[in-house]
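Sequential numbering from 1163 applies to the sequence shown in the numbering used here.
Heads up, some of the hints might be wrong.
Stated by the list, open to error - Computed Cβ-Cβ distance ranges for the label pairs, DEER-style: (1) A1303 - F1806: 51 to 59 Å; (2) W1641 - V1566: 48 to 56 Å; (3) Q1350 - F1761: 34 to 42 Å; (4) F1806 - A1298: 56 to 64 Å; (5) N1195 - F1536: 22 to 30 Å; (6) Q1543 - L1185: 26 to 34 Å; (7) D1595 - Q1543: 53 to 61 Å; (8) L1180 - L1863: 35 to 43 Å; (9) V1594 - T1470: 52 to 60 Å; (10) V1509 - E1865: 27 to 35 Å.
As the list claims (entries may be wrong) - Within a straight-line C-alpha distance of at most 25 Å, the following computed SDA-like cross-link-like pairs (lysine to any residue) qualify: (11) K1720 - N1224; (12) K1720 - S1733; (13) K1695 - G1320; (14) K1720 - P1699; (15) K1695 - R1638.
These aren't lab readings, by the way, just hints derived from the structure by calculation.
Small disclaimer: the values here were computed from a predicted structure and weren't measured.
The beta carbon of each residue, even a glycine, is placed where N, CA and C say it ideally should be.
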Amino acid sequence: MNHLNVNRLFSLPARRPLLILVLLVLITGWLGNHALQLTLQPGFLNELPSKHPFAATYHEYNPQFGGGNVVVIALAELNGNIYSPTFMTALGDLTQAVLQINGVDPSTVSSLFTGNVTYREVTEYGYDGARVIPKAYDGSAAQIEQIRDNINRSREIGRLVALEQDGALIRFELAEIDRDGSALDYRQVGVALDNIRDSFESQGLEVRIIGFAPFVLAMIAAVEQVLLLMAVSLLVLVLVIGIKTGRVGAALAIAISPAFAVVGQLGLIAVTGGTVDPLSMLTPFLLYLFGVAVAWQLYGYWQADSGTAADGCANLLLKGAAPTLVVLLMLGGGLSLSLNSDLPLVVDFVSSTLLGLVPLAVALLVILPALMSFWVEPLPQLDETSPSDSTNSRSAFSTIVIVVLVVAVGLFARTQVRIGDDAGSGATQLSVDSRYNRDVDAILDDYLFGVDQLTLVAKSGRDGCLEFDVLHTVDRLIWELRNLPEVRSVYALPVYMKLSSIGHHEGFLRFYGYARQARGNTVNTWGTELRDKLYDPKCGVMPIRVFPVNHAESTLRKILDTAQQFADHNSTDAVSFEFALGNAAIRAAANDRVESVEFGLLIALALIGAAAVGLFSLNLLSVGPALLVFAAAASGIYPLLLLFDLGLNLTTLPAISIGLGWSLIVVAFASFARPGDVARIARVGGNAAIAVALALLPWLLAELRFQLTTGLLLTGFLLWIGLVGRFLLPRLWPQSELADRGF
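Assemble the whole structure, with the sequences as input and the hints as a guide.
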């Protein structure tokens, strides 16, 4: 293909802009129509690594012992206590309303009005016991007093009844596959829970709801504000780019063209049958910001002495197409290595990002020049024969020393960064004063159990749960766990049996234990199978339910390490232990994977970036500087995490990944630069980073803490990357002669 034909091909977006834009708008409209049908579909197990040992334990024992996708509704009397016909009737109605929600597992519903909540006592006539609230409830004053006595005889104060007896709760679990065989619709469940809240609060009662489903609803409810702040960021971006370039048309083209890619990305997700997890809903906008930085670099090549858009377009694509495709390949290649992760949320993030790279390439290399041909006259050609900005060897050496020091600081900071969430008990993705987190705090104050549950499993032979040696071993583990400051409470069969034993002996504490013979322990297990699920049908498997004080990684790790050390020293043929299930176990398993995923992304992007720079630019001398620039940029992540008190978790990983990819932009463009052009590329990259950082400032007003922390982290990271590129790149980069070979 001769030079004339090359120019005609590369100038096509400017020569036929209307035709191309109409065609692409039609395609984007079709994809956009599909994108509008996308739903935010969370998955409770999206944070559970499929190959983690906890996953096997979860799938084996969760159907029987539960403790995973739990929802708790607390109903409280604002003035007085629960012993009134009005409150009891409301609690009964609430119980029936819960049972009608599609997705609720009826066998897991526990309320004072369900048959699995009983009391029992030893009288002079023998054992006595019944439902706490009789099935034939009539609300009479005499029956209410009987219910008060029954509750006092039961063990429900602090569990299903508030410590001050001014409230009661309903606890149930959701099935991931609902009654009609389809996947659980969290939005539908959330709407039902909201209707319950509105209905009973209108009666003058207080309603608190916690669990994964209401958490998801809170995330979905924040979508409108998320979109609003994204729109504000877009306006700020146009304003900043317009001021910096002095051209409104250029600002609009740079800001609008990547937006087509976002629509295309969401449309492709819908066409391929995918959904968007609420925890990944910021990902398309993060990719959009990445596209803005590339578009700004491309704008620097919109040059033509002739003043025609066709020549400007040809110049842009001749000089910018190769580095653009390389930077997209580098980002895609680095992320692709995480597709083999067993963490579904990471795979979803990577898959959706990869789907967005193709429309982003089209947006940058076709839509951008087509829009600019309408709105922007080409810049005059730059003098690219100017001397190099390279410094002498002493300056290069001092720059390398600075990079080494920066990397050392980053590595030290990495050792101090926590893994996982902070030490709170609520949802870290929501603001501290959000309704959901206020509900969490209120329930923790009124009840003895914790929000997070970590369930360990003790295994023995058939009827092993009646054997003294087995019970004693499990009880010793419970004792060790209860003595940890990280544990709020522990509940398991030995605890129940010891309480039952003293109940059978008129409260004498000397009988606080279990019998040496299995037959003597049989009576103490009576009634447990109704709700507590403290052993399996063969009486050979016992769950040990641990309620941590919070869900910090250090808290969960201390509990699991203590349990593992005990299991290593005390497992025998009679009893062994498996870990773990419950929502806290899923968090702990995800924490185990986050560190390796983050390290893999860091190494993959660095090596693939360096290899791509050397291979595609045909200049192996650029590999070393590429690694140095990337290392310096990446080292800024960890001090920022410490500064903002953030951890490495599934909500910060996307921002870190896109930020790492961002640092490759100036590296890729510098690889294909003509002599003397590296400084301009570094300057433009720095300007783009500052512009996007300013555009993210409105996110600091977000009610969704997930969006606020993402904006905060990415703002700091981009400013650091801009600083690194602006001052290190020109001092490290060898001048490429690639332009002389026809590029």
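Evaluated hints:
For A1303 and F1806, the Cβ-Cβ distance of about 58 Å falls inside the hinted range of 51 to 59 Å, so the restraint holds. At roughly 51 Å, the beta carbons of W1641 and V1566 sit within the given window of 48 to 56 Å. Against the hinted window of 34 to 42 Å, the Cβ-Cβ separation of Q1350 and F1761 comes to about 39 Å, which satisfies the hint. The given range of 56 to 64 Å is respected by F1806 and A1298, whose C-beta atoms sit roughly 59 Å from each other.
As the Cβ distance of N1195 to F1536 is approximately 25 Å, the hint placing it in 22 to 30 Å holds. The beta-carbon spacing between Q1543 and L1185, approximately 30 Å, falls within the hinted interval of 26 to 34 Å. At about 57 Å, the CB distance of D1595 to Q1543 agrees with the hint of 53 to 61 Å. One distance hint, 35 to 43 Å for the beta-carbon pair L1180 and L1863, holds here, with the actual separation near 40 Å.
Separated by about 57 Å at the C-beta atoms, V1594 and T1470 satisfy the suggested range of 52 to 60 Å. Remark: the range hint 27 to 35 Å for V1509 to E1865 is upheld by a beta-carbon distance near 29 Å. A distance of roughly 23 Å separates the Cα atoms of K1720 and N1224; the hinted pair therefore holds under the 25 Å criterion. A distance of roughly 19 Å separates the Cα atoms of K1720 and S1733; the hinted pair therefore holds under the 25 Å criterion.
A distance of roughly 18 Å separates the Cα atoms of K1695 and G1320; the hinted pair therefore holds under the 25 Å criterion. About 31 Å separates the Cα atoms of K1720 and P1699, which puts this hinted pair outside 25 Å; it is violated. Of the pairs offered as hints, the one joining K1695 and R1638 holds, with about 20 Å between alpha carbons and a cut-off of 25 Å not exceeded.
Figure legend: structure checked against the earlier numbered hints; the only hint not met is number 14.
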